[in-house]
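J.: As a plain string of letters, each chain reads:
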Amino acid sequence: MPIEKHGHDHPKLSWWRTYVFATDHKTIGIQYGLTAMFFMFFGFGLMLLMRWQLAYSGKPVPLLGRLFGEDSAFFPDGIVMPEMYNQLGAMHGTIMVFMAIVPIVVGAFGNYMVPLQIGAPDRAFPRLNMARYWCYLVGGVIMLASFFAPGGAASSGWTSYAPLSVIATSGQTYWLIGMIGLITSSLLGGINFIVTIIQLRAKGLTFMRLPFFVWTQFVTAFLLVLAFPPLEAAAVLQLMDRLFDTSYFLPSGLVISGEILNVAGGGSALLWQHLFWFLAHPEVYVLILPPFGIVAEVIANNTRRPLWGYRSMVYSLVFLGFMSFVVWAHHMYLTGMGTALSAFFQTTTMIISIPSVVILTALVISLWGASIRFTVPMLFALAFLPMFAIGGLTGLPLGLNMPDIALHDTYYVIGHFHYVVAPGSTFGIFAGLYYWFPKITGRKMNETLGKLHFWPTLLFMNCVFMPMMIQGFAGVSRRLYDGGASYAHAQDVLYLNKFMTHSAFGLAFVQLFFIVNLFWSMKYGAKVSRNPWDGTSLEWAAPSPPLPHVNFESLPVAHRGPYEYSVPGENEDFTPQFQADKES
Amino acid sequence: MSKLLGIPLLASEHGGQIDQVNLLIHFIMLVLFVGWGSFFVYVLVRFRKSKNPTADYRGATGHTSSYLEVIVAIVEAVLLLGISIPFWAARIDTMPGPDTDPLHVRVVAQQFSWNIHYPGPDGIFGRSSVTLVDDQINPIGLDPDDPDGEDDITVINQLYLPVDRPAIIHLSTKDVIHCFSLTEFRVKQDMIPGMSIPVSFVPTMTTAMMREIQGDETRNFEIACAQLCGLAHYRMRGAVMVVQEDEFETWLAERLEEKREFEGDYL
Chain A
53 MPIEKHGHDH
63 PKLSWWRTYV
73 FATDHKTIGI
83 QYGLTAMFFM
93 FFGFGLMLLM
103 RWQLAYSGKP
113 VPLLGRLFGE
123 DSAFFPDGIV
133 MPEMYNQLGA
143 MHGTIMVFMA
153 IVPIVVGAFG
163 NYMVPLQIGA
173 PDRAFPRLNM
183 ARYWCYLVGG
193 VIMLASFFAP
203 GGAASSGWTS
213 YAPLSVIATS
223 GQTYWLIGMI
233 GLITSSLLGG
243 INFIVTIIQL
253 RAKGLTFMRL
263 PFFVWTQFVT
273 AFLLVLAFPP
283 LEAAAVLQLM
293 DRLFDTSYFL
303 PSGLVISGEI
313 LNVAGGGSAL
323 LWQHLFWFLA
333 HPEVYVLILP
343 PFGIVAEVIA
353 NNTRRPLWGY
363 RSMVYSLVFL
373 GFMSFVVWAH
383 HMYLTGMGTA
393 LSAFFQTTTM
403 IISIPSVVIL
413 TALVISLWGA
423 SIRFTVPMLF
433 ALAFLPMFAI
443 GGLTGLPLGL
453 NMPDIALHDT
463 YYVIGHFHYV
473 VAPGSTFGIF
483 AGLYYWFPKI
493 TGRKMNETLG
503 KLHFWPTLLF
513 MNCVFMPMMI
523 QGFAGVSRRL
533 YDGGASYAHA
543 QDVLYLNKFM
553 THSAFGLAFV
563 QLFFIVNLFW
573 SMKYGAKVSR
583 NPWDGTSLEW
593 AAPSPPLPHV
603 NFESLPVAHR
613 GPYEYSVPGE
623 NEDFTPQFQA
633 DKES
Chain B
1248 MSKLLGIPLL
1258 ASEHGGQIDQ
1268 VNLLIHFIML
1278 VLFVGWGSFF
1288 VYVLVRFRKS
1298 KNPTADYRGA
1308 TGHTSSYLEV
1318 IVAIVEAVLL
1328 LGISIPFWAA
1338 RIDTMPGPDT
1348 DPLHVRVVAQ
1358 QFSWNIHYPG
1368 PDGIFGRSSV
1378 TLVDDQINPI
1388 GLDPDDPDGE
1398 DDITVINQLY
1408 LPVDRPAIIH
1418 LSTKDVIHCF
1428 SLTEFRVKQD
1438 MIPGMSIPVS
1448 FVPTMTTAMM
1458 REIQGDETRN
1468 FEIACAQLCG
1478 LAHYRMRGAV
1488 MVVQEDEFET
1498 WLAERLEEKR
1508 EFEGDYL
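From first to last, the protein sequence lines are chains A and B. Each position in the first sequence, counted from 1, maps to that position plus 52 in my numbering. Each position in the second sequence, counted from 1, maps to that position plus 1247 in my numbering.
It is worth saying that the hints were derived from the structure and are not from the lab. Using N, Cα and C, we set each Cβ at its ideal position, and we do this for glycine too. Hints are supplied without guarantee of correctness; some may be wrong.
[To be verified] The following label-pair restraints were derived from C-beta to C-beta distances:
no.	chain 1	residue 1	chain 2	residue 2	range
1	B	PRO1445	A	SER222	30 to 40 Å
2	B	ARG1293	A	PHE374	48 to 58 Å
3	B	LEU1478	A	PHE426	47 to 57 Å
4	A	ASN623	B	LEU1291	19 to 29 Å
From just these sequences and the hints, can you work out the full model?
T.: Structure below.
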């Protein structure tokens, strides 16, 4: 095997090549993880400022406010101004989606675990992998730098609907350039995943023996490669509208503040929405499919039995990937859509719910006959199920255009997608981190701190997002600087704003348990062997942490499916993929 | 159940249907979640390690889950084909016919107000042009040379409508995307630059009746902007005043008189 030989005489790399411009998928995975986690806490911080403003409108933010003088245009003495609020809203969404969740689930977990789970020494294109991280970092830094642009950061929502975004201050230009970096990064990563998974699978590892997590990354990679180019094109077009006076998204005859907008016109404002959502709906599945995969891994491991209906889960997953390309306009029912078009998108939306139901049901039925270990990763994986179920169910009234008339653009929508992404994707991420931390560091995270992290997080998440459903029912619109305080119909539910804000701050506080645990365990956590959870997939054949650049001492061979737990007649309750058959 | 969920007051003819469907769907969601959740909790308790130390390789057998998935699919199909699509075809795509004597009004949004344009006694909207727009005296750019526009009336942030008469509102915008949202009437429609999009509804409750129900003499039905449109998006608020037909005619006549006086002064 040429790869093995190559591995053993690997020259020692310089510090820069080892830690900064690294090509090892594991180092890049960790770089991604740490960078994205930083962005995630930053995006979370922006949200805390917004929640402060919604509960204590016009009052200075405690502590932080003192850092900003009274001369600050958007944040005088720590009081959030409308300019500031709109920036916070747009950047919170952008950061969380494009700079935090996707990079963590794909860039960090995918990068680190997929080669290990398929028994490969690295990704197919290690240099492309490095390029991808640096595109991401540059894109992310441009995004953060935009807060210092004249007029501040982008303020037209994470969706950047034209024409508002085209006439916005220069922060929007930074946003578009930053997006180009982030999208390029995702494209490079997507190609790399597809090639890696097809080409570098270990001997004997057929597609139907792939761990479900690898399947989710495989489908996700196709979504990234096929859905991102339209948004990249759209971002370039919007950049041209802003910088070179083209009118791709500007119709003729716009009058802004009493002045006729001096552009050629003839463009379409809705074109942006179509291009944006053509990406952004598959993007939703990019946010949720890899966490599905993580949850499946953790559930199989902690139920000590095979996943129920593995094949139907895989087929559903692939179907879900296809369907995610034909539902995008369900975000646009109220843009003047007629019966025929909206009927099509409603139908596809209802159809796409079926494979989601299949996967979720299979995961729950997998618990039947199990011997459930309530470890910290398992707690997060289990909590993911009902939280995602709430997120999925609340999508039902929004996916049908008739009830959508009442709920569209209200806090109900915010509650809905946060249930999918916050206690959904994030719980998947936490489950994965607690589960694979021993593989990455050779040490285990602390269980007690983990439980202190889990229970209040679950509680506070619900206290933040459930009241949004109530506000949405009352008709409170989203993206309002004062949280709807000036509207009569919002008066009865305004009291919830304080409750949600306090819960959000509580949520922030209990993350300290996680941060302390993460760093403390890196240094002082209990040392573990290569297979501390008695797992079955190939990553557990590698040392903890896996060897630099080659991962395994010798490349593993897969002898069976990924979840052979509690096989009748075996001595142990797990039969790893890499364990040779008894006869041979 | 509407009370329980905090669904806002209803003041239009078609809104009841939307509320009923919304309640129905949430009832279905609740049944699914409670049923599914009970099963979930049951298996967590029954198959915990201390209770069930050895896992079963084969696990669940039987087809209950397939039946459940088929039921979900059927329920969704019924909601879709039986309710949502026909509703949209009948209400959103079809405007009230001339036999119902609908009132036509234009609403032209701008950052951050609502320009309301009535065609006046002749029932024909006058021509308007962006080159004539003047935010102070002619916000929608009405052409003074067009005889059809001579009796037109424009007001800001006050949409007067007669009760129990269908209103067809033609929505457009001068600058960015706005969203015309009338919570109590269950009307919501984006306003897209370069497009004129009609919505229709029949108000069934006057402002006076609503104030009596709410016990608030100053409360209005409100026009909210539901699509982020800039800095003052949060206070882009208008009022819908629903009055009796005769009051409406009087109000229109007064506005027309005001307009004539104003033009007399101005010219």
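J.: For the pair PRO1445(B) and SER222(A), does the Cβ-Cβ distance stay inside 30 to 40 Å?
T.: This hint holds: roughly 37 Å between Cβ atoms.
J.: Lying within 47 to 57 Å: is that true of the beta-carbon distance LEU1478(B) to PHE426(A)?
T.: 50 Å, holds
J.: Honestly, do ASN623(A) and LEU1291(B) meet the 19 to 29 Å range at C-beta?
T.: 28 Å, holds
J.: Determine whether the Cβ-Cβ distance between ARG1293(B) and PHE374(A) falls within the hinted range of 48 to 58 Å.
T.: 37 Å, violated
Of the numbered hints listed earlier, the single one contradicted by the structure is hint 2.
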